[in-house]
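*Asks:* So you can see what is in the structure, the chains are spelled out below.
Protein chains: 2
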Amino acid sequence: MNEYLKHDDWCIIEEGFNPDNQRSSESIFSIGNGHIGQRANFEEQYSGDSLSGNYIAGIYYPDKTKVGWWKNGYPEYFAKVLNAPNWIGINIKVGKIDLDLSKIKIENFRRVLNMKEGYLERSFIAEFPNENIIEIKSTRFISITENELGSIKYEIKSVNVNDKITITPYIDADIINEDANYQEKFWEEISIESKPGEAYVTVKTKKLDFHVCTSMKFNIEKNGSKINHNNKEKRKKKYIAQQVELDIKPDDTISIYKYSAITNSENHKKESLTIAAHNILQRSFEKGFEALLTEQANAWKCKWTDSDIIIEGDVAAQQAIRFNIFQLNQTYTGDDERLNIGPKGFTGEKYGGSTYWDTEAYCLPFYLRTSDKKASRKLLLYRYRHLTKAIENAEKLGFTNGAALYPMVTMNGEECHNEWEITFEEIHRNGAIAFAIYNYTRHTGDESYIEEYGLEVLIAISRFWAQRVNFSKEKNKYVILGVTGPNEYENNVNNNWYTNLMAKWCLEYTLKSIAKIQTKNPEQYIELKNKINFNELKEVGNWSNIVDNMYLPENEELGIFLQQEGYMDKDLLTVEDLRPEDRPINQKWSWDRILRSCFIKQADVLQGIYLFNENYNIDTIKRNFDFYEPKTVHESSLSPCVHTILAAKLGYKEQAYDLYLRTARLDIDDYNDEVDQGLHITSMAGTYLSIVEGFGGMSIKNEELHFAPFIPEQWKLFSFVVRYRESFLKIEVTKGKVTVLNQGRSSSQVFIRDVEYNIKERDSIEIYSN
Amino acid sequence: MNEYLKHDDWCIIEEGFNPDNQRSSESIFSIGNGHIGQRANFEEQYSGDSLSGNYIAGIYYPDKTKVGWWKNGYPEYFAKVLNAPNWIGINIKVGKIDLDLSKIKIENFRRVLNMKEGYLERSFIAEFPNENIIEIKSTRFISITENELGSIKYEIKSVNVNDKITITPYIDADIINEDANYQEKFWEEISIESKPGEAYVTVKTKKLDFHVCTSMKFNIEKNGSKINHNNKEKRKKKYIAQQVELDIKPDDTISIYKYSAITNSENHKKESLTIAAHNILQRSFEKGFEALLTEQANAWKCKWTDSDIIIEGDVAAQQAIRFNIFQLNQTYTGDDERLNIGPKGFTGEKYGGSTYWDTEAYCLPFYLRTSDKKASRKLLLYRYRHLTKAIENAEKLGFTNGAALYPMVTMNGEECHNEWEITFEEIHRNGAIAFAIYNYTRHTGDESYIEEYGLEVLIAISRFWAQRVNFSKEKNKYVILGVTGPNEYENNVNNNWYTNLMAKWCLEYTLKSIAKIQTKNPEQYIELKNKINFNELKEVGNWSNIVDNMYLPENEELGIFLQQEGYMDKDLLTVEDLRPEDRPINQKWSWDRILRSCFIKQADVLQGIYLFNENYNIDTIKRNFDFYEPKTVHESSLSPCVHTILAAKLGYKEQAYDLYLRTARLDIDDYNDEVDQGLHITSMAGTYLSIVEGFGGMSIKNEELHFAPFIPEQWKLFSFVVRYRESFLKIEVTKGKVTVLNQGRSSSQVFIRDVEYNIKERDSIEIYSN
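Quick note, the sequences are listed as chains A and B, same order. Counting from 1, one number per residue, gives the positions in the first sequence under the working numbering. Counting from 1, one number per residue, gives the positions in the second sequence under the working numbering.
No lab work stands behind these hints: they were computed from the structure. Worth double-checking, as some hints may not be accurate.
Any copy will do: because identical chains look the same in the list, a pair fits if it lies in one copy or spans two.
Lysine-lysine pairs mimicking PhoX-like chemistry, simulated, CA-CA at most 20 Å apart [what the hints assert, rightly or not]:
1. 270 - 730
2. 350 - 66
3. 716 - 653
4. 232 - 735
5. 529 - 631
6. 303 - 153
7. 588 - 71
8. 185 - 232
9. 270 - 232
10. 238 - 185
11. 153 - 222
12. 71 - 350
13. 237 - 716
14. 512 - 701
Bear in mind the structure is a predicted one, so any value in this text is a computation, not a measurement.
Throw the hints in and build the complete structure from the sequences for me.
*Replies:* Put into structure tokens, the structure is as follows:
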């Protein structure tokens with residue numbers, strides 16, 4: 001825990017400079033637009049501890065794998081998000097002394113992330129050893145209307161300085177990834193071009209030949225007026241700077257406007273990167289910083305209309321949920337099917353910026369409810385594009401006949417994780433990818449995706465499950481041996497209930513989908529059948545047989561589903577039995593001790609019940625929740641949201657609220673002492689779900705939209721907006737009243753606490769309760 | 001398979017030079033004396049592919065761990081046996097051309113490992129491009145009477161050369177480990193001293209500060225007479241050479257005698273290394289090469305008297321078993337309790353030269369039967385010396401109260417392996433270490449070890465088991481969750497029968513030993529009790545309870561012990577079902593596929609039955625063997641011997657012989673295509689056991705020595721010698737007859753096929769059968 005940030009409805013605010021918090025603040029104050037992301041590193045030089053980070057979506061590096069003991073099937077490389085060339089740099093020297101917050105006395109330091117309008121602001125007063133005093137204010141944003149643009153306004157006010165000031169805007173491509181496996185540098189110079197006030201550094205990655213041009217164009221004003229200045233160019237390998245020397249007097253204000261276009265070979269021809277950057281710079285320069293910032297604010301306004309959650313009566317909660325929504329919107333914008341959502345987004349190097357099952361399991365529902373369906377469809381298409389690689393991946397592991405195993409961690413469809421218990425065994429991810437197709441379809445009502453793309457994915461996944469099960473003569477059932485479930489605190493277990501359930505469900509859903517498309521679109525179906533050599537008679541028969549005879553472990557005495565076989569042999573303690581000094585167990589205990597303990601990282605039985613909650617009666621949910629929740633240590637940031645939602649469903653209101661709190665301010669208050677490495681972007685979607693599905697009680701039953709809201713004691717009001725098929729609803733909950741406003745263009749059907757309502761367009765209903 | 005070596009009773013012979021076999025031959029023709037070991041690298045320079053290897057017992061390097069994903073409890077380093085400074089080097093130049101077998105035309109190449117007398121010989125004719133022809137013969141050995149000495153006689157005969165010849169004996173300490181994790185060099189120079197014909201290079205390891213002095217002293221003869229020569233010294237960093245230029249004419253023979261003393265700081269004071277080396281060199285030089293070689297032959301004669309196995313009628317089998325015995329005797333000599341037996345001995349870098357449970361499980365029985373009991377006792381003392389570290393190791397994993405977990409892989413008592421499923425979970429090794437105490441005691445009759453040292457180890461191990469079990473309410477039994485048994489093709493399983501059995505047995509044996517020593521030597525017992533805070537009342541009671549209630553999984557229907565829970569859920573195939581292209585599965589299958597298959601690397605149920613065979617009736621053994629053997633792929637070199645012994649016991653004579661063949665010539669014929677990395681030293685002990693316990697039917701029942709010999713069809717005669725307590729017997733088996741010769745100094749009792757015989761000293765008996 002580290003609660004150093006101020007509470008505010010719309011902003012994240014840091015006051016006073018504490019170098020110990022610098023890495024954490026760099027993460028928390030990150031800005032991005034789904035295409036570029038930038039940690040809150042300082043523009044001016046900083047010799048203190050810092051994690052420089054600036055990332056370009058889709059640009060990665062296949063770093064050589066580091067592994068102690070090789071296992072067959074491990075990937076040769078681990079894709080790393082690349083720390084990209086530094087575009088923010090503006091070094092400042094007053095007289096002969098560099099402005100360096102690690103060396104100079106700083107006062108009135110204030111850093112503000114304005115989430116409403118999407119920019120980062122920082123101001124402070126610097127007092128140099130020679131008693132020179134200046135005031136600095138920097139404002140920067142990454143444009144969500146101009147994907148490849150970042151802009152900075154950097155203001156220096158002389159309080160008492162009567163001296164030369166040296167301003168050095170630069171581009172530095174000679175940078176490293178902190179987590180490079182073998183301390184290699186990943187970038188090589190291609191070209192540097194420059195003219196006064198403008199420069200272009202083009203580099204490429206040592207492998208895969210991604211090209212990136214990072215550019216800058218700047219102008220300087222003094223007391224509000226443009227000035228002419230001489231630029232002294234400084235070049236080094238992969239680096240260019242233009243040094244400007246000015247005289248300042250007390251009360252003078254110097255403003256530097258730096259625009260940076262970052263173009264890359266995924267979006268432009270290699271030979272056109274510089275010109276593309278040039279065009280963006282030109283366009284932006286002409287618009288000017290203030291106009292661009294207004295565009296930015298307007299664009300964010302639209303995003304907030306679609307996704308804001310309002311909480312009244314609890315500023316900390318309000319700030320937290322907006323922070324989560326803001327970061328999700330900064331990470332993925334749904335306009336490019338080649339992109340996805342890394343667990344840390346653009347805020348750190350950890351997890352390599354790659355795609356995990358988090359996307360399908362947690363993020364997709366957020367985008368389904370807050371964006372046009374195109375955005376979600378692109379997340380699905382991302383996996384469709386990787387189908388061939390998923391089939392190759394399964395082949396490496398001995399599967400045949402077009403079976404697909406999607407990777408646990410990926411950048412381009414190839415697996416890049418290398419722990420056998422995860423890489424090879426955490427196969428439930430295949431289920432999440434199939435479920436996403438189902439979730440998209442039921443949520444949007446758009447069946448075209450499954451017809452055009454989804455069925456092919458479903459069949460490949462079903463082929464995997466059909467080969468991955470084996471028939472146990474002892475049980476007279478199909479079993480799945482040697483897996484790791486979402487609860488990664490158990491490895492290589494047999495008959496993980498969640499995995500078996502997902503496998504069975506995938507097969508069932510594929511069979512249903514085949515039947516549906518066969519009837520609805522026989523030609524398309526036959527085309528697909530031929531394309532993938534689908535042996536309908538044999539495969540459908542086999543799958544039906546597996547569906548009918550899948551083993552799902554239960555404990556009848558307790559009336560619960562069994563996380564996996566053998567779980568009841570454990571020493572069945574609860575989290576309350578743990579000494580504080582043993583927590584978190586993943587930092588305090590050796591791995592074997594965690595594995596043989598009963599403690600659960602995230603409860604996969606509850607995850608399964610959550611996904612298919614309409615299939616279980618409330619008593620069953622209660623028995624399982626009451627059994628598993630007390631054993632769950634929630635050491636995955638993805639864990640508490642599911643528990644919140646189920647607790648809310650069970651009427652465990654306080655517990656639901658407590659669990660919610662763990663997730664909402666996870667990063668802002670740095671619960672796990674790791675925010676320095678980046679934000680938990682994907683778990684932020686879980687926080688959103690906690691409110692909408694937990695407190696809002698949203699669910700879909702028989703293709704109908706349900707809500708069963710309750711408001712936590714601590715709140716006066718909360719509201720959220722939801723898209724569902726043609727509906728666009730705003731739900732507002734206060735104590736004793738639920739208001740549903742139909743913001744869409746047609747009337748909407750909705751169930752509130754199982755009572756049906758039809759709301760005309762632009763109309764609203766109010767439901768009172770005691 | 002690669003059968004390029006000639007069959008011979010006493011020698012390993014390679015004829016003709018094939019560079020593709022060089023790395024393999026370097027392993028197979030390795031020489032050593034338990035203190036130094038040297039691969040069969042060439043003396044003269046060789047630019048072809050080669051694994052230089054020269055190792056000094058006890059000198060290692062803590063290489064930084066390389067691991068993909070860190071787990072709590074992993075060791076920071078992995079101890080690597082160090083490739084030590086090159087002492088064999090003698091470069092030869094004829095005219096202006098270097099003698100390099102990779103570049104010069106070679107004929108009549110012949111390499112011979114003379115196992116009877118313990119030396120390596122190599123000869124060939126080299127034809128230079130300018131038609132100069134020379135004959136080379138080199139002879140070298142590592143002395144088993146002078147632990148720190150290696151000697152070489154290198155002869156060059158001019159066939160037609162009339163030119164200058166340049167001879168450059170050198171010491172090179174600027175060498176690398178091929179498997180260094182981060183390509184570091186591990187040695188640093190301390191000093192180089194030299195005078196004509198003599199040089200000393202002292203280096204130290206970068207970490208741990210081991211010092212080693214590698215020295216040489218040489219003289220040169222021409223046509224049998226000593227000659228004077230000028231030496232041109234050549235120095236580089238960590239390198240010294242003395243270059244001698246001579247004229248040769250056709251038929252001249254030049255003989256170089258190079259003696260090398262290798263002293264290290266484990267055995268000498270750091271400041272005395274050079275003088276210690278000097279003394280050895282002086283002494284050896286005075287004796288001369290031929291006298292030293294005679295000493296060597298005599299010393300080997302004694303070793304063979306104690307350990308030879310004679311097989312008549314099958315040269316391949318005879319050669320193979322002698323090769324195995326020879327290598328075991330080259331690796332461990334039992335005179336230093338700080339040393340142990342690495343899986344590859346001194347023949348390669350793999351497995352880091354560290355100690356594994358192989359020592360207790362396989363090697364100890366070899367030394368018990370073929371050496372004075374002191375040698376075996378030193379192997380036990382090795383573990384006693386590591387007890388404190390084993391307790392620390394257990395503490396790291398959360399155990400308390402002086403519980404010890406011995407490391408899986410170690411050099412100095414600290415764990416240096418880092419795969420969680422092995423490091424933390426392959427805990428049966430603790431059982432092997434306890435069993436070794438029992439085995440030593442029953443075999444030698446010497447109870448002093450257990451009284452003085454062994455009980456302390458047993459109690460620490462029992463304390464581990466008592467904490468590692470947990471009580472399953474479901475089973476109403478103690479269970480052991482999350483282990484890896486000797487069958488490493490199953491990871492993180494519950495209730496591995498072998499591990500549970502060993503745990504139970506350890507507790508039982510400790511309890512019995514406590515009771516015995518309590519009565520026999522109460523003072524010593526109380527002293528120990530106080531030393532280790534042994535809470536007799538509580539701990540003994542708890543242990544008895546666990547012994548009485550340990551869960552040992554069985555399948556009652558089949559009447560077998562169950563390898564682990566859940567095994568019967570697998571697809572129960574046999575090895576015959578595997579396609580040839582799938583084997584070995586550890587090279588062809590991904591790890592998850594191996595894990596969920598029924599295939600067994602080495603059958604741990606059979607291992608347990610082997611260890612405690614007196615407890616199981618023949619039907620039980622048969623049912624288990626018949627169930628597990630067909631599922632065993634024997635992809636551990638330690639596997640077939642146990643199966644051979646049980647097959648022999650069951651009268652499966654052909655199968656016993658077939659299984660034996662797999663182990664005996666494993667390295668000579670390179671069954672697994674990996675002998676280039678070094679020999680399977682510890683599994684060689686298994687080969688010995690296959691003959692003595694398998695075909696010889698040796699066992700100990702109720703402290704009595706039993707034999708039940710049978711002779712394979714293919715053999716005329718086999719014989720072996722065995723020490724047991726005061727007995728020293730030679731057993732000779734032919735078809736229809738068993739002869740037992742009492743070579744000891746007192747009369748001996750022995751059971752042949754359950755019939756008791758008493759044999760007077762120096763007397764023999766003959767037992768006839770049909």
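*Asks:* Tell me the hint numbers this structure goes against, listed in increasing order.
*Replies:* As far as the earlier hints go, 1, 4, 5, 6, 8, 9 and 13 are violated by this structure, in ascending order.
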